[in-house]
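Once you have looked at the hints, place chain D on chain W.
There are 2 protein chains.
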Amino acid sequence: MIDPWSSAILNYEKLIEEFGIKPFHDLLGDLENPHILMSRGVIFGHRDYGRIVKAMREKNNFAVVTGMMPSGKMHIGHKMVVDQLIWYQEKGAEIYIPIADMESYSARGIDFPEAKRIAIDEYISNYIALGLDPDNENLHIYLQSENKTVGDLAYKLAKKVNLNEMKAIYGFSGSTNIAHLYTPLIQVADILHPQLEELGGPKPTVVPVGPDQDPHIRLTRDIAERFGSQFNFISPSSTYHRFITGLTGGKMSSSKPKTAIFLSDSPEIAEKKLKSAKTGGRESLSQQEEMGGVPEDCVVYEMLLYHLLQSDVKLKETYQQCREGSVMCGECKAKAAEMIKDFFKDLEMKREKAKDKAKSILN
Amino acid sequence: MIDPWSSAILNYEKLIEEFGIKPFHDLLGDLENPHILMSRGVIFGHRDYGRIVKAMREKNNFAVVTGMMPSGKMHIGHKMVVDQLIWYQEKGAEIYIPIADMESYSARGIDFPEAKRIAIDEYISNYIALGLDPDNENLHIYLQSENKTVGDLAYKLAKKVNLNEMKAIYGFSGSTNIAHLYTPLIQVADILHPQLEELGGPKPTVVPVGPDQDPHIRLTRDIAERFGSQFNFISPSSTYHRFITGLTGGKMSSSKPKTAIFLSDSPEIAEKKLKSAKTGGRESLSQQEEMGGVPEDCVVYEMLLYHLLQSDVKLKETYQQCREGSVMCGECKAKAAEMIKDFFKDLEMKREKAKDKAKSILN
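Chains as they are written, first to last, in the working numbering: chain W, 1 to 363; chain D, 1 to 363.
Because the hints were derived from the structure by calculation, they are not lab data.
This structure is a prediction, so every number in the text was calculated from the model and none was measured.
Hints are supplied without guarantee of correctness; some may be wrong.
Given that identical chains are not distinguished, each listed pair holds provided it fits within a single copy or across any two copies.
Straight-line alpha carbon distances no greater than 30 Å define the calculated DSBU-like cross-link-like pairs of lysine-lysine that follow [unchecked claim]:
| id | residue 1 | residue 2 |
| --- | --- | --- |
| 1 | Lys-359 | Lys-159 |
| 2 | Lys-148 | Lys-357 |
| 3 | Lys-335 | Lys-357 |
| 4 | Lys-350 | Lys-73 |
| 5 | Lys-159 | Lys-148 |
| 6 | Lys-256 | Lys-273 |
One chain only, chain W, in its complex shape (with noise of 0.2 Å):
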């Protein structure tokens, strides 16, 4: 299996001998037409994921819930959930996608209205012409502060929850606003709030998360047994997935606009932002020729693993041509660039034509 992250592996080890998470590669085999993010090792680690696969085996009902947090601009490492989900959706789950207004106000400061703006402009727009289908019905997109089945489930599960713990989880202080501190509960509503009975009842559900994530799904699984004898929950499943690496090489962040490609961005200036990554290119030309590329220190690379390149034969193509020396960073860029302009061409097609439909289903 190619792995890009030799230099992180160990970090994502760690997580898994301490805190319990279980490889991913061990469930490979048991899934049909498994995601490119799972054979490829983006998705690493999960819990409990072994109730999924056999909900998808046996056609059985099961959801996945992953909320969107609508307080800034998608940038293209915020695609890989959107990946899953269509992942998903092809698979039968019922999809229910959180749109986190109540954090972005307690957290960010941003306003109910327009929070609403960007979930439906920036993040559901994105969503569909991604290819996520909004007529699925099977697709449940709201808003928390809309949502009253989760508002009464949050504070229904907030009486087996103390302050202890939400310290413990969040490192919350007394300077905490209470708003603030109330929302991880409403999380967990958004997780749990599929299998009432209202809903259809106790069913697997998957949550695909980020390993920094991790607290969070430990309380919720902690919580839905707390509540086993009132609602029958199943414990929830998770998956971790691995971070993409910012253009610069740290972390990609909204917040750092150097650091991203930027959804919204022009297929021009995504061209320009990708040819200006970092990649695992040598000192010199004639370096590189003898000693090889480093496609595991590549944000070019990574590009192409996480989202630009399908087929595994041109991947791993790609791989060995750049461990050999015998492509340059440059030609390879120049074929990435064209790739993401066309992907980014095609992108911003679909979400003007997916506007309207993004308005209507908050409507």
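Relative to the frame of chain W, chain D by itself:
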């Protein structure tokens, strides 16, 4: 003015001095037909009640908010608030009565359907039986858990309250559950939501409470100011009433049945309980004839003053006969017992008639 609390008055005066609560009697002259609880000094203090006086005089819109906690049985002390509501209803107030089912869930573990049942059978039925007009369109009775306007406002307000404040006011600790911790914000929203644009906009609002609730009133007034520019809230006014003494001399409490006359007691039980109440009598009849009784220390006299004797002339007569030693406890008790029996007979009948109406209000 007759004052039956000489023994306790010091504490109430301390409240007034230390916390900026103003004496209510200073406003009495400005009120048209003040309620006997006002004229007799049971309602002893206020904050910003001048706004309410002005609204009543000028026939402007104003609101009264007072919740009920559906967690047990109503005792005769609770009647005090209902009496005030009836008076305010006649004065043209918008009456808001939140049923604190969220609090009874988080603090007492009472489930929502059970809280609703208690609210209907035990509270709303009695409110109507005591004289609240259920058909007045200015009456708004609601379950907190079902009022999305209040829930949404609570969350918005929670953003400008931090954990330190909540701890200082309510004594929350690490083991406090998060639902319980969040509940005061719901109560703040109960008080402020009548001022939202959708409910007619900013208006003077009064909250009749016991002095133990003042920290909560102060928080609500602070929060109203913090959101001044956003909602233009008028800081809510409050009144403070003395507690009714329990049958055994301490506090009347639903959780200590021996101290309380419950509104659901049969007329005979009520009569019997009143006859067993602690009085201000002396150790012997001859001593009492000589020195007179102490109405200030007498539960029966207090019952007359709070509830049973509407006529100030007769009340004064009773007081003087006791002080002079011309009427002994036996005779006085017999009269009061007869009155409470009649009152409870009437109440029982009216409550039966009110039950369907009470149900329809919440359905």
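- Given identical chains, is Lys-159 near Lys-148, meaning Cα to Cα at most 30 Å, within a copy, between copies, both, or neither? both (17 Å within a copy, 19 Å between copies)
- Within, between, both or neither, where Lys-335 and Lys-357 count as close if Cα-Cα is 30 Å or less: neither (33 Å within a copy, 75 Å between copies)
- Classify it for me, Lys-148 with Lys-357: is the Cα-Cα distance of at most 30 Å met within a copy, between copies, both or neither? both (23 Å within a copy, 27 Å between copies)
- Message: Checking an output row: Lys-359 and Lys-159, CA cutoff 30 Å. Within, between, both or neither?
- Response: between (36 Å within a copy, 28 Å between copies)
- Message: My question is about Lys-350 and Lys-73: at a cut-off of 30 Å on alpha-carbon distance, are they close within one copy, between copies, both, or neither?
- Response: within (17 Å within a copy, 62 Å between copies)
- Query: Can you tell me if Lys-256 and Lys-273 fall within 30 Å by alpha carbon in one copy, between copies, both or neither?
  - Reply: Cα proximity of Lys-256 and Lys-273: one copy only (13 Å, versus 73 Å across).
In the structure shown, a violation is registered for the earlier hint numbered 3 alone.
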